[in-house]
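Peer 1: Modelling step: build the complete structure from the supplied sequences, incorporating the hints.
Just so you know, the protein sequences line up as chains A and B, in that order. So for the first sequence, my numbering puts the first residue at 1; every next one is plus one. So for the second sequence, my numbering puts the first residue at 1; every next one is plus one.
Possibly wrong hints are sitting among the right ones.
Computed cross-link-like contacts, PhoX-like style, restricted to lysine-lysine with a CA-CA straight-line distance of at most 25 Å [stated by the list, open to error]: (1) B:Lys-111 x A:Lys-47; (2) B:Lys-13 x A:Lys-229; (3) B:Lys-34 x A:Lys-47; (4) A:Lys-47 x B:Lys-36; (5) B:Lys-50 x B:Lys-13; (6) B:Lys-50 x A:Lys-47; (7) B:Lys-71 x A:Lys-32; (8) A:Lys-229 x B:Lys-36.
Everything labelled a hint here was simulated from the structure, so no lab data went into it. Predicted model only: the values in this text are computed from it and were never measured.
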Amino acid sequence: MQDFIEINFGPQHPSTHGVLRLKAKLDGEIVKEIEPVIGYLHRNAEKLCEMTFYADNLVYFDRMDYVASMLMESGYLEAAEKILNIVPPERVLWIRVIMNELSRIASHLVWAGAFGLDLGMLTPFFYCFAERDKVLEVFTEICGSRQETNYMSIGGVYQDITPGIVDHIEAFLESFPKRLEEIYKIFVGNDVFISRNKGIGVMSREVAIDYGVTGPMLRASGVNYDVRKAEPYLVYDKLNFEVPVSYKGDNLARFLVRFEEMRQSVHILKQAIRKIPDGPFFNPKAKKSMMIRLRGDGEYYARTESSKGEFGVYIVADGGVKPYRVHVRSPTFKNLSVVQELAKDQMIADMVAILGSVDLVFGEVDR
Amino acid sequence: MTADDSGQPNRGKDGRTIFNVDRDKLLEFMKGMKEKGYDHLSLITGVDRKDFIEVVYHLHAVERNEYVVVKTTTNNGVVPSVTSLWSSAKWEEREQYDLMGIKFEGHENLKRIFLPESWVGHPLRKDYDLGNVQYINMDSDGEDYATFDEGDGW
Numbered sequence: 001m002q003d004f005i006e007i008n009f010g011p012q013h014p015s016t017h018g019v020l021r022l023k024a025k026l027d028g029e030i031v032k033e034i035e036p037v038i039g040y041l042h043r044n045a046e047k048l049c050e051m052t053f054y055a056d057n058l059v060y061f062d063r064m065d066y067v068a069s070m071l072m073e074s075g076y077l078e079a080a081e082k083i084l085n086i087v088p089p090e091r092v093l094w095i096r097v098i099m100n101e102l103s104r105i106a107s108h109l110v111w112a113g114a115f116g117l118d119l120g121m122l123t124p125f126f127y128c129f130a131e132r133d134k135v136l137e138v139f140t141e142i143c144g145s146r147q148e149t150n151y152m153s154i155g156g157v158y159q160d161i162t163p164g165i166v167d168h169i170e171a172f173l174e175s176f177p178k179r180l181e182e183i184y185k186i187f188v189g190n191d192v193f194i195s196r197n198k199g200i201g202v203m204s205r206e207v208a209i210d211y212g213v214t215g216p217m218l219r220a221s222g223v224n225y226d227v228r229k230a231e232p233y234l235v236y237d238k239l240n241f242e243v244p245v246s247y248k249g250d251n252l253a254r255f256l257v258r259f260e261e262m263r264q265s266v267h268i269l270k271q272a273i274r275k276i277p278d279g280p281f282f283n284p285k286a287k288k289s290m291m292i293r294l295r296g297d298g299e300y301y302a303r304t305e306s307s308k309g310e311f312g313v314y315i316v317a318d319g320g321v322k323p324y325r326v327h328v329r330s331p332t333f334k335n336l337s338v339v340q341e342l343a344k345d346q347m348i349a350d351m352v353a354i355l356g357s358v359d360l361v362f363g364e365v366d367r
Numbered sequence: 001m002t003a004d005d006s007g008q009p010n011r012g013k014d015g016r017t018i019f020n021v022d023r024d025k026l027l028e029f030m031k032g033m034k035e036k037g038y039d040h041l042s043l044i045t046g047v048d049r050k051d052f053i054e055v056v057y058h059l060h061a062v063e064r065n066e067y068v069v070v071k072t073t074t075n076n077g078v079v080p081s082v083t084s085l086w087s088s089a090k091w092e093e094r095e096q097y098d099l100m101g102i103k104f105e106g107h108e109n110l111k112r113i114f115l116p117e118s119w120v121g122h123p124l125r126k127d128y129d130l131g132n133v134q135y136i137n138m139d140s141d142g143e144d145y146a147t148f149d150e151g152d153g154w
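Peer 2: Here it is in structure tokens:
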């Protein structure tokens, strides 16, 4: 009979990106079986949403994927505005697209920095966070907060985008592509980085779809599926951009897909910033109703593309001022479940690399 | 989408096709859907309607980009598991068991995923008492147990 060593990874291990515990069965240095244990950050946001008014629920969504809060907000509003029958003005849709893409860049930069750290590279972390801070400066200027922005609200956004902010974003778009290529070179120019990622954690197309993996991880396994293209929301159908797909399915493919996505986000931003139409930044019906409490009816499921994958919000309303049931389809929850499959029979150091390539944010996994 | 024998489709507010399927025919219906190319089980969720629980499945055919919703109801909280068809159901069903208390028959590892194993009740149920504060303790063997009295620790 074979003897295995059982070890615990986490919940306080630095390479688990938060509070994840992995029960790993090891044969020497080979991982035979892992079992992720989650729930350390569980707050039951779904129940909290049932207890709060529609407009106030946004706060819980900010705190789900806290590195990409704008994406969470627009995901919730896609569903909530349909339930409440409030149509945001055209200008708002464009502002939301701009904020979504800025948030996506910030989120991918955090991932890239942390991924480098997992593999023992300290330098790119500082490069990534310096660039991310420029995005957060834009957020601070627009709503006064860095991470949990709470910028969007039902029927519009909290504050209009001023010419000063447009200039600020344009200046960022001017400098960022050059810096991005610099960061990219730090990663791919490093032989250790390439050899630790190439051919590691290969996920086939079938396994990815079977486990419900979405987002950059799915696209790195050769599936051209992006909700922005498959079921366009906001004004993504009026923008010209490409969906990067890789057919390798390994860690390096995930890395390359995410970097290409950042380039595409810059491309989207450059178009959107010129196209913002004039008009109100708030539906007047909603602004008044913040006081009189909106009533919703019916049920609606809206899916959006967050930086991690397909983010879905399902709201069931019963005609009251609070939702009857809210369900959140969290992309990272599914992306994490496939790690059991990928890390099997890999070296323990590679398991950390695979885990890093998933892009985990525990606010969203545990909700 | 044409009408199916086992479910009459209608459209929800979001414009998606909804199939209402009887619980006994669910597994058979899902097998048929998988053969039709719905290879991605996007989500499983439950809605507590007080006298019964509604279980909602979202299926997606990635290649054709078709999206349908399958709904079933249960009075005693038991529905057949679809883990044999889609691996993504493994965690989704555990989540719904944990928070909503739906028992998925045939799931090989149906245990709580977020809350401690000894937690009492399922929080997303409408009759869950939020005022009843629980404390999770650990006994000398390392097993956890729940108490409702804060002075009852070790």
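Peer 1: Against each hint, give a clear statement of whether it holds in the structure.
Peer 2: Hint by hint, here is what the structure shows:
1. B:Lys-111 x A:Lys-47: The hint holds at about 20 Å.
2. B:Lys-13 x A:Lys-229: holds (21 Å)
3. B:Lys-34 x A:Lys-47: violated (32 Å)
4. A:Lys-47 x B:Lys-36: Judged against 25 Å, a Cα distance of about 35 Å means the pair is violated.
5. B:Lys-50 x B:Lys-13: holds (22 Å)
6. B:Lys-50 x A:Lys-47: holds (15 Å)
7. B:Lys-71 x A:Lys-32: At roughly 38 Å apart (the allowed maximum being 25 Å), Lys-32 (chain A) and Lys-71 (chain B) break the hint.
8. A:Lys-229 x B:Lys-36: holds (23 Å)
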